[in-house]
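Here is how the chains run, residue by residue.
Protein chains: 2
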Amino acid sequence: MQAITKRSITGEGNGIIQVPQPIPKTGELLIEIAASGVNRLDLNRVAAGTADLILGVEVAGVVLENHSTDPHFVPGTRVAGIVDAGGYAQQVCLPAKQALLIPESMTYVDAAAIPENYLTAYQALIWLANLQVGETVLVHAGASGVGLAAIQLAKTLKRAKVIATASPRKHAACYAAGADLVINYQTTDFATAVHDYDAHGADVILDFIGASYFQQNLTCAAVDGRHILISTLGGNQVEHFDLRLIADKRLSLIGTLLSPRSNAYKAALTQAFAAATTRLFTTGQLKPVIDSYFDFANTKAALEYMAANRNIGKIILTH
Amino acid sequence: MQAITKRSITGEGNGIIQVPQPIPKTGELLIEIAASGVNRLDLNRVAAGTADLILGVEVAGVVLENHSTDPHFVPGTRVAGIVDAGGYAQQVCLPAKQALLIPESMTYVDAAAIPENYLTAYQALIWLANLQVGETVLVHAGASGVGLAAIQLAKTLKRAKVIATASPRKHAACYAAGADLVINYQTTDFATAVHDYDAHGADVILDFIGASYFQQNLTCAAVDGRHILISTLGGNQVEHFDLRLIADKRLSLIGTLLSPRSNAYKAALTQAFAAATTRLFTTGQLKPVIDSYFDFANTKAALEYMAANRNIGKIILTH
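Chains as they are written, first to last, in the UniProt record's numbering: chain W, 1 to 319; chain B, 1 to 319.
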């Protein structure tokens with residue numbers, strides 16, 4: 001068996017180590033990785049000390065072997081997709097049903113920026129929130145990878161009115177992605193700003209913050225609003241919760257996280273997402289925002305950069 | 001214009017008063033009411049002092065005039081349905097699209113017990129919670145009108161495992177409706193009892209209680225569980241809320257109330273409900289549970305009885 005190169009800041013130091021080549025199962029593709037996205041989940045795994053796990057949950061690369069029955073994925077095909085682990089490496093196995101074909105005009109770096117961010121945003125906006133044409137969407141952390149993907153998808157797929165929150169140096173990126181209004185959450189009560197912009201309130205809220213925004217989110221939600229809780233970077237503990245805020249406006253508070261879901265779920269989501277968006281990526285109406293590239297050997301620096309919350313858009317590992 | 005009889009405990013005393021005959025608009029049916037259901041919404045309206053409103057939000061009766069284009073509703077047709085107000089009366093206008101045809105074998109009393117309870121339960125279980133075949137459902141206030149309807153629907157439509165909470169004297173009614181386990185919430189921690197019965201937890205929770213059950217509900221919810229908040233009889237104020245309970249299990253907390261929704265929504269719900277259930281009411285697989293009848297002249301006694309929370313199943317006003 002051929003040894004391949006593993007790169008991770010966990011395990012034996014921060015450099016490059018050798019591990020066995022992954023062995024594809026039936027239904028999987030063996031991929032030679034060209035670029036890999038950096039995600040908060042990787043930071044969480046480092047913090048949790050899962051030392052035997054190769055980090056990395058999304059990749060773009062080329063098919064080496066097709067162990068599925070899908071004839072699209074002949075060796076040489078360029079694909080991207082989410083994997084459970086193992087993305088910070090030379091090779092990984094990707095279930096064929098979770099593979100996205102990369103358009104000819106797209107680079108591997110751009111393709112590696114798509115799966116986790118856009119699938120998360122698509123799932124939240126379309127599957128969970130059932131976003132309707134012309135509704136108002138509030139996207140917190142608007143300049144994060146998922147945030148920028150959500151702004152683009154809400155605009156492009158549903159012609160939504162999009163309001164984002166971000167720190168001032170990230171406003172331009174949110175506007176460039178299509179936001180109609182970007183709020184400086186450091187100086188402005190965003191609930192008031194949402195109502196000033198649209199008295200109706202926010203039909204859909206994408207929330208990565210949690211406790212520190214909770215009361216304001218419920219306050220600015222519209223009747224029949226859907227509040228999608230993707231992450232709780234601003235804490236978990238809500239000190240007081242008036243259920244009338246949920247009952248009177250018929251709100252839905254929906255917790256979600258893509259990574260732990262089943263492969264069947266991820267496959268169905270990937271298929272629905274590809275059907276809705278492939279053309280839009282080809283024409284450039286959807287375009288991943290890349291913040292920066294790091295070499296695979298500098299994984300640790302890439303993770304520290306993400307932890308510092310300095311990025312606008314996606315951080316990519318590549319060669 | 002012919003005067004008709006209005007009965008309400010608000011307004012001019014507790015007896016019977018004369019009011020103008022309702023005038024049907026295009027799309028509506030004029031109904032001669034045979035029976036009317038008593039609902040908590042009526043109590044709320046009394047408490048709110050809406051003195052000029054005729055109480056009553058669901059009726060069964062016979063079509064006097066058909067002002068819609070639907071040929072099913074010729075005069076003489078027996079129908080039931082939810083109305084915005086005016087059910088405690090001789091006549092009321094009912095949008096044809098919100099009218100359910102009463103099966104030949106069914107009495108008006110049974111028919112008047114269907115709309116509010118079964119439509120609420122159907123909406124919660126099927127539309128909002130998207131209940132799947134074989135899932136586990138926890139129904140609080142299992143012997144209430146909505147509770148018994150929910151137990152029957154979860155069993156009949158989705159072969160769910162149904163757990164109910166109720167006080168001991170109401171357990172037999174819950175079992176008769178199809179519950180697999182009924183918990184005495186006065187002596188038993190229901191969250192523990194749910195997990196003892198099904199370690200997986202409750203996929204769907206129908207909650208009329210709110211704050212006093214909130215923590216336990218989130219504790220016994222299954223991964224991907226849907227917690228439908230219909231009412232908050234046990235209070236609104238939750239003192240501490242750990243968002244990880246929502247995030248880690250990907251829960252959905254969904255507030256709902258049928259009455260304030262649009263006629264278009266109620267019409268669509270009524271049509272979906274009729275398509276799914278008419279045959280089951282005809283065969284007796286679904287059967288409303290009637291607690292008691294009151295004469296229309298004893299409206300006040302009927303409402304006091306409901307306020308005392310003594311009923312098992314539906315309270316009906318009739319002649």
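Everything labelled a hint here was simulated from the structure, so no lab data went into it.
Be aware that one or more of the hints could be misleading.
[As the list claims (entries may be wrong)] Computed footprint of chain W on chain B, listed as stretches where at least three residues anywhere in the stretch have a Cβ under 8 Å from a Cβ of chain W: (1) 200-214; (2) 251-257.
[What the hints assert, rightly or not] Quick list of simulated restraints, FRET-style, between CB atoms: (3) W:GLU239 to B:VAL133: 35 to 41 Å; (4) B:THR282 to W:LYS25: 25 to 31 Å; (5) B:LYS25 to W:ALA264: 45 to 51 Å; (6) B:ASN130 to W:GLY235: 49 to 55 Å; (7) W:ASP224 to B:VAL223: 44 to 50 Å; (8) B:TRP127 to W:GLY234: 29 to 35 Å; (9) B:GLN186 to W:THR278: 56 to 62 Å; (10) B:ASP189 to W:HIS240: 21 to 27 Å; (11) W:HIS240 to B:ASN263: 32 to 38 Å; (12) W:ALA47 to B:ASP242: 15 to 21 Å.
We treat Cβ as the ideally placed atom computed from N, Cα and C, and that holds for glycine.
Whether chain W covers the stretch 200-214 of chain B (at least 3 residues having a Cβ closer than 8 Å to its Cβ atoms): Held - the stretch 200-214 of chain B has 3 residues with a Cβ nearer than 8 Å to chain W, which meets the minimum of three.
Do the Cβ positions of ALA47 of chain W and ASP242 of chain B conform to the proposed distance bound of 15 to 21 Å? 19 Å, holds
Verdict for LYS25 of chain B, ALA264 of chain W (Cβ pair) under range 45 to 51 Å: 49 Å, holds
Does the Cβ-Cβ separation between ASP224 of chain W and VAL223 of chain B fall within 44 to 50 Å? Violated - the Cβ-Cβ distance for ASP224 of chain W and VAL223 of chain B, about 25 Å, lies outside 44 to 50 Å.
GLU239 of chain W versus VAL133 of chain B beta-carbon gap, inside 35 to 41 Å or not: About 40 Å separates the Cβ atoms of GLU239 of chain W and VAL133 of chain B, which means 35 to 41 Å holds.
Taking the Cβ atom of GLN186 of chain B and the Cβ atom of THR278 of chain W, is their distance within the range 56 to 62 Å? 58 Å, holds
Given the range 25 to 31 Å, decide if the beta-carbon distance of THR282 of chain B to LYS25 of chain W lies inside it. About 51 Å separates the Cβ atoms of THR282 of chain B and LYS25 of chain W, which means 25 to 31 Å is violated.
Between TRP127 of chain B and GLY234 of chain W, is the Cβ distance one that fits in 29 to 35 Å? Holds: the Cβ-Cβ distance is about 32 Å, inside 29 to 35 Å.
Would you say the C-beta atoms of ASN130 of chain B and GLY235 of chain W sit inside 49 to 55 Å of each other? Taking Cβ atoms as reference, ASN130 of chain B and GLY235 of chain W lie about 30 Å apart, which means the hint is violated.
Tell me if chain W covers the stretch 251-257 of chain B under the three-residue, 8 Å CB rule, please? holds (count 7)
Between HIS240 of chain W and ASN263 of chain B, does the C-beta distance stay in 32 to 38 Å? Holds, since HIS240 of chain W and ASN263 of chain B (Cβ atoms, about 36 Å apart) stay within the stated range.
Determine whether the Cβ-Cβ distance between ASP189 of chain B and HIS240 of chain W falls within the hinted range of 21 to 27 Å. Given a distance of about 24 Å, which is inside 21 to 27 Å, the answer is holds.
In the structure shown, a violation is registered for the earlier hints numbered 4, 6 and 7, in ascending order.
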